[in-house]
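A.B. asks: Here's the letter readout for the chains.
Number of protein chains: 2
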Amino acid sequence: MQRRRYLKKLSLEEAQRIFLDYPNISRYDKIDEISTLNSLGRITAEPIFAIVSSPHYHCSAMDGVAVRADDTFSASTANPVRLGKDQFCIVDTGDPIPSDFNAVIMIEDIVEIDEDTIEIIDPAVPWQHIRMAGEDIVATELILTRGHKIRPIDIAAMLSAGITSLKVKKKPIVAVIPTGDEIIEPCSNPEQGKIIDSNSYMLTAMITEWGGEPKRWSIIEDNYEKIKSVILQAINESDIVLTSAGSSAGREDFIPPIIEEIGELLVHGISISPGKPTALGVINGKPIIGLPGYPVSMAVSAEAFLKSLLSKMLGIANIPPAKIKSSVSRKIASKLGDKEFVRVKLININDNWTAVPLARGASVLNSLVRADGIMKIPENSEGIVPGEFIEVELMKTPDEIKNSIVIIGSHDLTLDILADEIKAINPYINISSAHVGSLGGLMALKRNEAHIAGTHLLDEETGEYNISYIRKILPDRKIALINLVYRQQGLIVAKGNPKGIKGLNDLVGKGLSYCNRQRGSGTRILLDYELKKLGLSPDDIIGYDREVYTHMAVASAVATGIADAGLGIFASAKALNMDFIPIAEERYDLAIPEEFLSLDGIKIILKTISSDKFKSVVQSLGGYDTRDTGKIIMFA
Amino acid sequence: MQRRRYLKKLSLEEAQRIFLDYPNISRYDKIDEISTLNSLGRITAEPIFAIVSSPHYHCSAMDGVAVRADDTFSASTANPVRLGKDQFCIVDTGDPIPSDFNAVIMIEDIVEIDEDTIEIIDPAVPWQHIRMAGEDIVATELILTRGHKIRPIDIAAMLSAGITSLKVKKKPIVAVIPTGDEIIEPCSNPEQGKIIDSNSYMLTAMITEWGGEPKRWSIIEDNYEKIKSVILQAINESDIVLTSAGSSAGREDFIPPIIEEIGELLVHGISISPGKPTALGVINGKPIIGLPGYPVSMAVSAEAFLKSLLSKMLGIANIPPAKIKSSVSRKIASKLGDKEFVRVKLININDNWTAVPLARGASVLNSLVRADGIMKIPENSEGIVPGEFIEVELMKTPDEIKNSIVIIGSHDLTLDILADEIKAINPYINISSAHVGSLGGLMALKRNEAHIAGTHLLDEETGEYNISYIRKILPDRKIALINLVYRQQGLIVAKGNPKGIKGLNDLVGKGLSYCNRQRGSGTRILLDYELKKLGLSPDDIIGYDREVYTHMAVASAVATGIADAGLGIFASAKALNMDFIPIAEERYDLAIPEEFLSLDGIKIILKTISSDKFKSVVQSLGGYDTRDTGKIIMFA
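Chains L and S supply the protein sequences, listed in that same order.
1 is the number of the first residue of the first sequence in the numbering used here; add one for each residue after it.
1 is the number of the first residue of the second sequence in the numbering used here; add one for each residue after it.
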């Protein structure tokens, strides 16, 4: 069980400096000479000077006639001038001006007398309506500097200037070496203990986006000598080498010692979270980055080191993402000494930005997929509290985020269906949902952190849903309460119900374990209500304290044997092929403050949930009833 | 000389509505089923649901040992617990947790007693350091909605969820048909009267960027029947058809009548400038866009109609560019009734944005290449005056523009050399130059519209350069005046000097024509000074009133026979292979207000011009002397 130690842990900035400033590490002068026609997105390797002028001759800017200005000086309404055969020449836009003419009169300003004679009433100013040679581009003029990423208009400008080929930076070859005994090629049915290699394909896509040429190697098992030999070969054939996983300080983390053996290990261990177990080194003068195996760590580390290295090699600026200043919806704690990258959802209400943190684990890739931005909490901070403002780097444009309708509250699968249906109707509207339980959703409305709360809160006294809670939490707001669905709640149990569970009574005294939902969730309130009706005590239920945040998490806990049962909706049980014992039907509503009803996104949502299409998709999930879907329950 | 009429001229918004809302015009449901590995940048055609959970089994989140939490409850510092052979199992990060264990203890917290025994002093909480199956993604969960452009992290998330292939929108095939008798394929030596086809290649690049599959057709001459037949064939084989040129209302503008004959002409003539002569129609249910031939018009029109059409077909949002609010440096007049797209350079000083308009002709593609943004002056405005603020759509990120050092003033070729050299040293710094003459440059400093003024203003009384002008125009500012170059000014004349011009005296009384620089330019002041010394009158010089704005424009005027001579620098004459008759050596300096000297970009500029590399490149141009280059002339 022998372990290595990290080198001295460095800050992100120190690590970048040591790595990127290492002598000649970013030196790169390989060049492709390519056709201008194929140059979109490539980086100029040298300044581009015009070969021919554009236009390259004096030409007419209008449809009309070319004349000598001298011949027209005396023209006026009172004294029209007639021009004969040799005094004018018909020209269309772009036609060359014959060398003895020096002005163009527009076709509209000419009276045709006969085939050889025209009459005009205004004198022409010399060079009027003529595009002089070089008006746009003069031969030898600089068109593009080196280090310029070529756009469609640049292609047009180069072609106009007679440039049919040019020198661009060759795309640096970046080797990607996935390592690990447990790693397997992408498939749809991985065996227990095997992990699908998604990392190396994320990297190849990033390399492509950042201007490199990815070359992925086959997966290598955790064998020091084998990995070493592949790295040496890759170093030989590539401009940069990346390894995926094995960069930490565990028993089988071979990358740092290999770099030490055959090259120079510059950095190992960086005070960022996620991304700490990154190893940076040089082998035979070429850069190698040992990337951590957890996907979010890898994404953070690749952005920090690979993107900046590629930009430097290509001679282009590594443009940072746009940033906004945001407050936070609740305290976000952070470890002193580490710069923490927190993925967040952003909400813009009345031009105030609020950030809601997503799952923070280095392994939770989905949190990066769902994020609107990244909040970087500095090393010297223990966290951010409401009222403080902090910069958030955006992963979308501000307009895209502003077009998001934020639904916070209880989780229901139909919200995902809704998000997808909306995209088909209006791709400008994004549905952005976060799951914090029904009470959390109403609290978010109160703090102006959401447009809609999804809620199914049973009032034990009245048996009515949601209304009494809304009145209590949002006493001063006018709220539209609109039904989304009725749904079956029940016990999710293993396929075939091997423990023979018939209802909540079976949870007590039979040694069965339960998986609960979090406090404040409608499902938890429903459970407590039903237990009370049956006279059962939570203390007698094994696992009552084990809380998860979604129906799918409950179903997953049962599916994988963590628990024998959990209360959840039918659709979750069905999705994971579990059995389901109905307990109660409940009403799931959307609470929307009046002031948001005029937003386009809200209007489209309300129209969509009332549509037959949406209702039929929901019904096909099972366990839902759409008899009141879209109906206004309350507007007060 | 028969002409067509435009249909009723429509506003941009009306035209977009009529075209994009035409029944089924944007209906598009062609699909590619592709490997997830190749899906970067493609658009999902359907919602993507997870096939397997990630992780798909309970696994260790740490390197350590798996244990049963029950076995550890009594552990404390005082009472360490020893676990034997069957009570623990060594696990690395990612390893599956054996089914009878339910917690992981980190390797650091374990004392190894012997091979079969470990000792711990803290109890393990059930499920600690275990990633539960589905922690990241639960099978059947929605990962991506339809209409989503796939990023590297999305590829990783899909692969983790067992998705190895997916349905994406097929790229719509967009036919590009270049038309015109005078149009030729790209080359470096176009004949007089021939225009290089740059438009169709700009379009194919735009189509690629916007998610379409371009298919360029060969150039077709201006022949109604031939064009018609190609359009019919293209409509048959493509999803969208574009024509380049021939969309106006001239004699040979065949596109609108062809659309009318074989389809429906929906729009012809739009009240935008540039871009007016756009024709929009439908043939056999498929959209056709007749794009104007002037490149800037084409770019504007393609952005307005093609990009939005492609976005609609692909089911994605057509994200508008970011905007900033800017004031203007001087009045920008605009035609009432037309929405005008003015290309501008942007300057950010003390967080105030100022827009400086670039050349406005529809043919001046270079103005689009050099632009930082597009100012759209509304139809109901006659223009913008200083003090007013107007939105500018950005073509770069705000950070890129803020990293620009703006040099306004006299034109000198070495500024382009400087811009390119800077890119090689620091790609983050952009040199953005605009040519308004030396006096204009000092005025721009006064109005805080530039960081540097390039100036060569001769004080006729003292014979000294620049200083007296700076004192007069910027009396309260501390200015660093730094020499860039000395340069030869002289008469640029045709190769071989066929008119035998020997000096300025020859400009009078010999019927020779002259091309002048604009008022306020240092060259103009030099000319007037030299004329005065010789006792010559401007009135006696033919062409004295013909003003152009750069040395290259003077050289070009001579090269193309517009003028017999013009005063300019040696490098311009050399660039166009003209003869040069030296008149005077002058000093060209950079004036920099003290407050900008601390900017990184300015520091790099000053370091660069002092470098041997820069001086040797400048000397190789000829006509320059670098004896004082980089020297501080004045700092007061």
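Don't take every hint at face value.
If chains are identical, the list can't say which one is meant, so a pair holds when it fits in one copy or spans any two.
As a list, the in silico EDC-like pairs of lysine to aspartate or glutamate whose alpha-carbon atoms are at most 20 Å apart [stated by the list, open to error]: (1) K307 - D71; (2) K228 - D181; (3) K9 - D21; (4) K607 - E112; (5) K323 - E400; (6) K323 - D399.
By construction, these hints were calculated from the structure, which means they are not laboratory data.
A.B. asks: Go through the numbered hints given earlier and state which of them the structure violates, listing their numbers in rising order.
C.D. replies: 1 and 4
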